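Novice: Each protein sequence line maps, in turn, to chains S and Y. Residue numbering for the first sequence follows this note's numbering, starting at 1 and increasing by one per position. Residue numbering for the second sequence follows this note's numbering, starting at 1 and increasing by one per position.
These are computed hints drawn from the structure, not numbers from a lab. The model shown is predicted, which means the values in this text are computed figures rather than measured ones. The reader is advised that the hints may include incorrect statements.
As the list makes no split between identical chains, a pair holds if one copy fits it or if it spans any two.
BS3-like cross-link-like pairs, simulated, lysine-lysine; straight-line CA separation at most 25 Å [what the hints assert, rightly or not]:
{"#": "1", "residue 1": "K110", "residue 2": "K278"}
{"#": "2", "residue 1": "K187", "residue 2": "K58"}
{"#": "3", "residue 1": "K58", "residue 2": "K302"}
{"#": "4", "residue 1": "K319", "residue 2": "K211"}
Number of protein chains: 2
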Amino acid sequence: MPASTPRRGFLKGAALAGAGLMTGSVAKAAPLPIPESNTVMGDPIPAESYGLPTEFEKHVKRRRSDVFKNKQNFSDWSMTPLQHQIGIVTPNGLFFERHHNGVAKIDPDKHRLVIHGLVDRPLEFSMDDIVRYPSVSRFHFMECSGNTLTDWREPKSVTVQQSHGLLACAQWTGVPLSWLLAEAGVKPEGKWVMFEGGDGSGHLRSIPIEKVMDDALLVYGQNGERLRAEQGYPIRAFFPGWEGNTCVKWLRRIKVVAEPDQIRGETARYSDPMPNGKWRQFSMVMECKSVITSPSGGMSLKGPGLYEVQGFAWSGNGKITNVDLTFDGGRTWREAAIEGPALDKCLTRFRYRWNWDGGPAKLASRAMDSTGYVQPTVEDIARVREISGFVQHHNGIFPWTVAQSGEVSNAIA
Amino acid sequence: MPASTPRRGFLKGAALAGAGLMTGSVAKAAPLPIPESNTVMGDPIPAESYGLPTEFEKHVKRRRSDVFKNKQNFSDWSMTPLQHQIGIVTPNGLFFERHHNGVAKIDPDKHRLVIHGLVDRPLEFSMDDIVRYPSVSRFHFMECSGNTLTDWREPKSVTVQQSHGLLACAQWTGVPLSWLLAEAGVKPEGKWVMFEGGDGSGHLRSIPIEKVMDDALLVYGQNGERLRAEQGYPIRAFFPGWEGNTCVKWLRRIKVVAEPDQIRGETARYSDPMPNGKWRQFSMVMECKSVITSPSGGMSLKGPGLYEVQGFAWSGNGKITNVDLTFDGGRTWREAAIEGPALDKCLTRFRYRWNWDGGPAKLASRAMDSTGYVQPTVEDIARVREISGFVQHHNGIFPWTVAQSGEVSNAIA
Numbered sequence: 001m002p003a004s005t006p007r008r009g010f011l012k013g014a015a016l017a018g019a020g021l022m023t024g025s026v027a028k029a030a031p032l033p034i035p036e037s038n039t040v041m042g043d044p045i046p047a048e049s050y051g052l053p054t055e056f057e058k059h060v061k062r063r064r065s066d067v068f069k070n071k072q073n074f075s076d077w078s079m080t081p082l083q084h085q086i087g088i089v090t091p092n093g094l095f096f097e098r099h100h101n102g103v104a105k106i107d108p109d110k111h112r113l114v115i116h117g118l119v120d121r122p123l124e125f126s127m128d129d130i131v132r133y134p135s136v137s138r139f140h141f142m143e144c145s146g147n148t149l150t151d152w153r154e155p156k157s158v159t160v161q162q163s164h165g166l167l168a169c170a171q172w173t174g175v176p177l178s179w180l181l182a183e184a185g186v187k188p189e190g191k192w193v194m195f196e197g198g199d200g201s202g203h204l205r206s207i208p209i210e211k212v213m214d215d216a217l218l219v220y221g222q223n224g225e226r227l228r229a230e231q232g233y234p235i236r237a238f239f240p241g242w243e244g245n246t247c248v249k250w251l252r253r254i255k256v257v258a259e260p261d262q263i264r265g266e267t268a269r270y271s272d273p274m275p276n277g278k279w280r281q282f283s284m285v286m287e288c289k290s291v292i293t294s295p296s297g298g299m300s301l302k303g304p305g306l307y308e309v310q311g312f313a314w315s316g317n318g319k320i321t322n323v324d325l326t327f328d329g330g331r332t333w334r335e336a337a338i339e340g341p342a343l344d345k346c347l348t349r350f351r352y353r354w355n356w357d358g359g360p361a362k363l364a365s366r367a368m369d370s371t372g373y374v375q376p377t378v379e380d381i382a383r384v385r386e387i388s389g390f391v392q393h394h395n396g397i398f399p400w401t402v403a404q405s406g407e408v409s410n411a412i413a
Numbered sequence: 001m002p003a004s005t006p007r008r009g010f011l012k013g014a015a016l017a018g019a020g021l022m023t024g025s026v027a028k029a030a031p032l033p034i035p036e037s038n039t040v041m042g043d044p045i046p047a048e049s050y051g052l053p054t055e056f057e058k059h060v061k062r063r064r065s066d067v068f069k070n071k072q073n074f075s076d077w078s079m080t081p082l083q084h085q086i087g088i089v090t091p092n093g094l095f096f097e098r099h100h101n102g103v104a105k106i107d108p109d110k111h112r113l114v115i116h117g118l119v120d121r122p123l124e125f126s127m128d129d130i131v132r133y134p135s136v137s138r139f140h141f142m143e144c145s146g147n148t149l150t151d152w153r154e155p156k157s158v159t160v161q162q163s164h165g166l167l168a169c170a171q172w173t174g175v176p177l178s179w180l181l182a183e184a185g186v187k188p189e190g191k192w193v194m195f196e197g198g199d200g201s202g203h204l205r206s207i208p209i210e211k212v213m214d215d216a217l218l219v220y221g222q223n224g225e226r227l228r229a230e231q232g233y234p235i236r237a238f239f240p241g242w243e244g245n246t247c248v249k250w251l252r253r254i255k256v257v258a259e260p261d262q263i264r265g266e267t268a269r270y271s272d273p274m275p276n277g278k279w280r281q282f283s284m285v286m287e288c289k290s291v292i293t294s295p296s297g298g299m300s301l302k303g304p305g306l307y308e309v310q311g312f313a314w315s316g317n318g319k320i321t322n323v324d325l326t327f328d329g330g331r332t333w334r335e336a337a338i339e340g341p342a343l344d345k346c347l348t349r350f351r352y353r354w355n356w357d358g359g360p361a362k363l364a365s366r367a368m369d370s371t372g373y374v375q376p377t378v379e380d381i382a383r384v385r386e387i388s389g390f391v392q393h394h395n396g397i398f399p400w401t402v403a404q405s406g407e408v409s410n411a412i413a
């Protein structure tokens, strides 16, 4: 528990806030009523199944953006319902999607992956070859470079699903790329590696060889099972802590090259306008960021009292070491408790017991990572970058207001 | 990588075993053929969705036992396909089930949980009260006391799903029971706590107060979302490292008592026959255990060469510190690599690069936990317990044979 909130404090608060004590004694209800579920047969187990959530949870869905609607839905995205996520693992069924030409359908038995270009020995792999190969499993977040793209000039997002839902976390399983490139033998002039997808857009990215040899993976497993089709089945690239679009899905080709390809996804897209009118390219690391998911936009607090404020912090550069919270719009800050395991380049949950006095409040979180980097304010970012159009790679501190009514709203602006 | 297997060793092995090198150069295939998936539009993203696995993975299912078939399927179980599990997180849709009277259907808005008995202040909670309460998220395995129940006198299980599939792992989210009992105030004479479910069987277990106050949870979240109906929606008890049947599902009543209830589930069931004719009760800790999942029964090795042997180790008493493997039926043992994070009372994956010479082999794993306890042999267990009927709490070393043909089979006997 956060040292900042003594246990008694919560008990008193709980009494006020109806989180237990005020729901009262059962004496009045004795003898306990027998619910109908105790009196009937339940549903039997089918011979075989892949289970689904109960009907009572069917409101928990990933959704296309209601804020910025595409004219068509082939180059599109769906967003993770972070306000409903419990723990750090995002269920595969709720993991956000981003496609440039819809979801490709690939038969794993026919699929081939090729490593070629500036290598001593070009290689071709079937999926059986890849899965037969030794593997590793690692927990990492994935964030789209355009997460929190739309709110900086005009706060249109109502919920944290709309503002930050291009973010999710999973345990990924696959083969370290450095092992396979060691088998192919990278020539001295090979400084970049190009990854191409087998989808209709032939999505393409060039990655510096240093990152590829450091911790890049060829991923075929996610959260205990094979990749879902919308996540690149049967195989995708994965670069821990780097923008999602580098993690090329439906991967069919890996080419070692001397220079980046300078393709559309590296020039007209995924690049950042600077104050001097120039554009920054290859800014692929998703820097330290955090957001409060409870309370968050669209929620309503049920009167004054103690609430456990929760949220996520993450960094593409390392582990989360600290998360501070403000309840007065940034005038004062208090330290939240970080829940372990706090893993490298992984969603990390923070918790803080907040006694809401019932007055207006402005909440925000500020994360720090193991490199010492502190999540910047919107103003900090505006000083070094041009905030115009869709702002890629925006990791600014994001506030919510709590009105006297208890209603929680997007407070950017 | 395991120090015991030098990198070169794997490369050579891979060359032999077709895990890369032998799939050959792509030169012969240049220019690369363009797959059809590169030439067509993919599937669009629906407005909202809860995603499912691709059709190419529909063979991965949890299944009722083919080995020991129930006459009816209300008191029944389904088993996790461990041979297909990647990483340590079991997808909720594949998490094994065990019900005494089918799956109860409970409306969370109507559900009430009561804490009463030897307490100063009996309490009643709605689900809103529970979820409003501060929570924790922790990774833990869950194993049925009857896992590997049927094979000890006659090896009938073909696959590891059939032999060990009453095992799974998840990140669980809920409220530590010690916090709520502190609010209720446990009287000095309260030494046990009885948990009752809201299902048709009214499943009941008594748990010593020490375990309840140590690390027991009231769980409503599993792997990032609310519990599935078959896992006790909207709320269940969870005792890390203890047999699954203690983790009462559809929980409606918690009663602090002086003595255990000595109900059927504590006498005629879940108790262990001893050599002296007496029965051991309340043996609820699932002790240190492991099993090789790849290669495992029903699989077939494709010729001599290097294979990454993988499996799971777990202990209800702590963390896994060592896993040894034998390939000659227990004559010699080698140390496997343990993949982190190796968490408390959690599935832990081990890996070892084995160069199969193509001859008959007998594989098994032997785990050790942080208490120094070593997983016993079947003979060790037979010396202290009566191996008759269904053997509960059997954590014996479990072997697979690899025939010259490459076929892998259950080698218990």
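Novice: Each hint should be assessed against the structure and marked as holding or not.
Specialist: Hint check:
1. K110 - K278: Answer is neither: 44 Å inside a copy and 59 Å across each miss the 25 Å cutoff.
2. K187 - K58: This pair counts as neither: shortest intra-copy Cα distance 53 Å, inter-copy 41 Å.
3. K58 - K302: Classified as within; 24 Å inside a copy, 44 Å across copies.
4. K319 - K211: within (17 Å within a copy, 33 Å between copies)
The structure is inconsistent with the numbered hints 1, 2, although it conforms to all the rest.
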